[in-house]
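Asker: Sequence:
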Amino acid sequence: MPSAKQVPKSSVASFIATVAGLGFLPKAPGTWGSVFGLFLGWVALSSDGWQFPSGLPPGSDWLSFLVKDAALIVVVSLLGLWAAGSVAAELAIPDPQIVVVDEVAGQLIACLGLATPRTFAVSWKYLLAGFILFRVFDIWKPFPARQAESLHGGLGIMADDWVAGFYAALVLWLLRYVGV
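Residue 105 in the numbering used here sits at position 104 of the sequence shown, and the numbers go up by one each step.
Treat the hints as calculated values from the structure; they're not laboratory data.
Every value quoted in this text rests on a predicted model; they were computed, and no experiment measured them.
In this text, a Cβ means the ideal position worked out from N, Cα and C, and glycines have one as well.
Any given hint could be a false lead.
[Unchecked claim] Estimated spans, in silico, between C-beta atoms of each pair:
1. Asp96 / Lys126: 13 to 21 Å
2. Val179 / Val13: 21 to 29 Å
3. Ala72 / Arg147: 27 to 35 Å
4. Gln148 / Leu26: 23 to 31 Å
5. Val179 / Gly154: 35 to 43 Å
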């Protein structure tokens, strides 16, 4: 549990940065943030009722998902930049452990690897693979993820997870494309 010094005042920024309090969980808050991101990705993947953009040709479910997931990534990332930066500044900690909105955005980017026209389908195996790949890249922080952490404020908090999500999406896309 974070110390009192590491708990921001109750605010909208805190609510967003901690993803409704997931960041306060005592064990592996970043993993729980990733689970929430995976849940949002699954909702975008399996939501038939939300057709955006309308008028896509038949068989383009993967494209519809891609657009929905990209929209979620943009919204979560913009809110995350602001909220993570605000909480970090309030606590005077460059990357507080309680901030997990970055994992949500990174996991949503990893979900982009699910959108291949050749293999598009809802599969718990690919969802799990995307989750594991993101967590591995998020912990490993291959170039330029580790360097991205040194960026100032919310950008430094969010950017390393964007890179990890991109790597996970790329590997997942390749695995799906070759039929693994």
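Asker: Compare the structure with each hint and give your call.
Answerer: Taking the hints in turn, this is what the structure says about them:
1. Asp96 / Lys126: 13 to 21 Å: Check failed, 32 Å falls outside 13 to 21 Å.
2. Val179 / Val13: 21 to 29 Å: violated (44 Å)
3. Ala72 / Arg147: 27 to 35 Å: holds (29 Å)
4. Gln148 / Leu26: 23 to 31 Å: holds (29 Å)
5. Val179 / Gly154: 35 to 43 Å: holds (40 Å)
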